[in-house]
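*Asks:* We have chain A already, so just place chain B on it with the hints.
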Amino acid sequence: MIRHAITLACVAALGLATATGASARPIEQDEIEKGEESIKPDMGYIYLTAPNRFAGSFIRVADEEDIAKYQEARAAAFAAAVEEYEKDYARWQRRMESQTAAENPPEEPVKPTEESFTYASIEQFFATSFGPTFVYSKDGGTYAYLEELKPGTYIWYGPVFYGVKQGYLGQCYCMGTIKFEVKPGVVTNLGNSLFAMPRWKEDRGAPVPQIKENSGLNGFVVELPQQSGELVYDLPATLASQPSVIPEFFAVGKINNFYRQMIARIAPIDGVIAYDRDQVIDLKAAGEAGAAGE
Amino acid sequence: MKAKLLRALLLPLAGAASAQAIEQPREIRAFTAEEVAAIPMPETAFDMRRARVGDFEKYYYFHREGTSFDEAFADITECDDLASGLASYRGNAEPYPGYYVDQYGIGGVIGGVLGAVLADAIHGSAARREMRRVNMRNCMGYKGYGRYGIPKNLWTEFNFEEGGGREDEDVRQAALLQQAKVASGPKPATEALDR
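Chains A and B, in that order, give the protein sequences. Positions 10 to 303 (the working numbering) are the ones given, in order, by the first sequence. Positions 96 to 290 (the working numbering) are the ones given, in order, by the second sequence.
By construction, these hints were calculated from the structure, which means they are not laboratory data. If you're wondering where the values come from, they're calculated on a predicted model, not measured in any experiment. Glycine residues also receive a C-beta, built at the ideal position from the N, C-alpha and C atoms. Possibly wrong hints are sitting among the right ones.
[Said to hold, decoys possible] Distance windows between CB atoms, simulated: (1) A:Pro115 x B:Lys153: 35 to 43 Å; (2) B:Ser220 x A:Glu112: 30 to 38 Å; (3) A:Val241 x B:Arg290: 25 to 33 Å; (4) B:Ala125 x A:Asp72: 36 to 44 Å; (5) A:Thr247 x B:Asp263: 50 to 58 Å; (6) A:Trp101 x B:Val131: 42 to 50 Å; (7) B:Ala287 x A:Pro118: 44 to 52 Å; (8) A:Pro114 x B:Ala133: 38 to 46 Å; (9) A:Glu123 x B:Pro281: 30 to 38 Å; (10) A:Ala89 x B:Ala125: 35 to 43 Å; (11) B:Pro135 x A:Ala84: 46 to 54 Å.
[Stated by the list, open to error] Listed next, the in silico SDA-like pairs over lysine to any residue satisfying Cα-Cα at most 25 Å (straight line): (12) A:Lys174 x A:Ser32; (13) B:Lys247 x A:Val217; (14) A:Lys221 x B:Glu152; (15) A:Lys210 x B:Gly241; (16) B:Lys153 x A:Pro218; (17) A:Lys174 x B:Arg227; (18) A:Lys96 x A:Pro114; (19) A:Lys49 x A:Ser32; (20) B:Lys276 x B:Thr251; (21) A:Lys210 x B:Leu288; (22) A:Lys174 x B:Arg224; (23) B:Lys282 x A:Gln288; (24) A:Lys210 x B:Tyr155; (25) A:Lys120 x B:Glu264; (26) A:Lys159 x A:Gly200; (27) B:Lys247 x B:Glu152; (28) A:Lys159 x A:Val144.
With the rest of the complex left out, here is chain A:
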């Protein structure tokens, strides 16, 4: 059953690249300087800095409209899978009619059903990745990224991202992470908080094999900076005059490893997230967390 479902998931995944509900669009500094890009009142923006080239994924928490859109896309993919099956079945029937006893009979196609058809998960549908290329700026020895996306609540899914011709690679924070709100018309300034806030030394995971993205001449090794320390939210001059906000963070429980990559979790963060073994502890009152998260 699982093998069969994997086959169908392959089919569904093929269509996913063009059918996601949350695509972040990178913006570079010179595009702002030349007036080719601007901070639009109806869009959200995530700005973050890293000590090296970086990449990762955010998941937007979908609203009812989003979920309806997902279900519509899934239904369309299912209909396409059924249509494909019918063609395959007709082909199979023709082959069977001309089959001789000496030949091995061709394998009969399996009809997809609602139960067996596995489309990309809803989390995957609303996930979007950024980096390691399309850097906003490289001023002051840090790499900055600015992503334009639909406003909403975003979950930091970790340093797992899409590499061209490589598929997904990296490490998800599937076993505990954080979320924050991205408001329209405002730059949501994460600064270096994704690396500097967590108390990494208390929660080291297994050594991580090198993560290398293969674009460019020699590709880019994506480091996983775990540098607990001073929070820096400086904005470059091109963004300093724009409205910006440093978001409040909230704990998020475990998430499926829908990219089938390495799994880990964000380290504990004072006042936000802690762990009791693998149990995620929300350090803010449930009512407060719900206000931003739902």
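*Replies:* Same frame as chain A, but now just chain B:
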């Protein structure tokens, strides 16, 4: 086979009155004493003086004191699902608690496949095997299990490696049951390795 839901408890943490565990119930199997007894206990004893300690980065097993077989099996299968890219958290998954239950019932997605399986051909078999090792180490480590090195010849008796493809389900299941038996069994005689 009976099933029960393992529910998380609210944790009153000192100094953080509003702290609350995020509930993520998973359906777990409840084994009878006879069923557990029927699972062969793998051999884990060996002569450390003759062991290739460098191999322990690849070959190890998990153990946690005071853990029942049911708990250990639930933990190992949760980590195995996560490592495999399966829908592990169906009933109360972030970021859409209730979505899978609403859509598919408590059983979740049939087959439960979520992962980008096309990536198998891209990442290659060795990289996949390495990923699985990282994933099981992290997941079981977070759960408080100790990691203990073991020679390859003993390891292969109750473990499997997965590169490009998925091992047969009956082989996987038999191995996971044995791993749970070791994880909940007698305390290992050797020192625990780094997480």
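*Asks:* Starting from the hint list further up, note which numbers the structure goes against and sort them upward.
*Replies:* Result: hint 9 breaks, nothing else.
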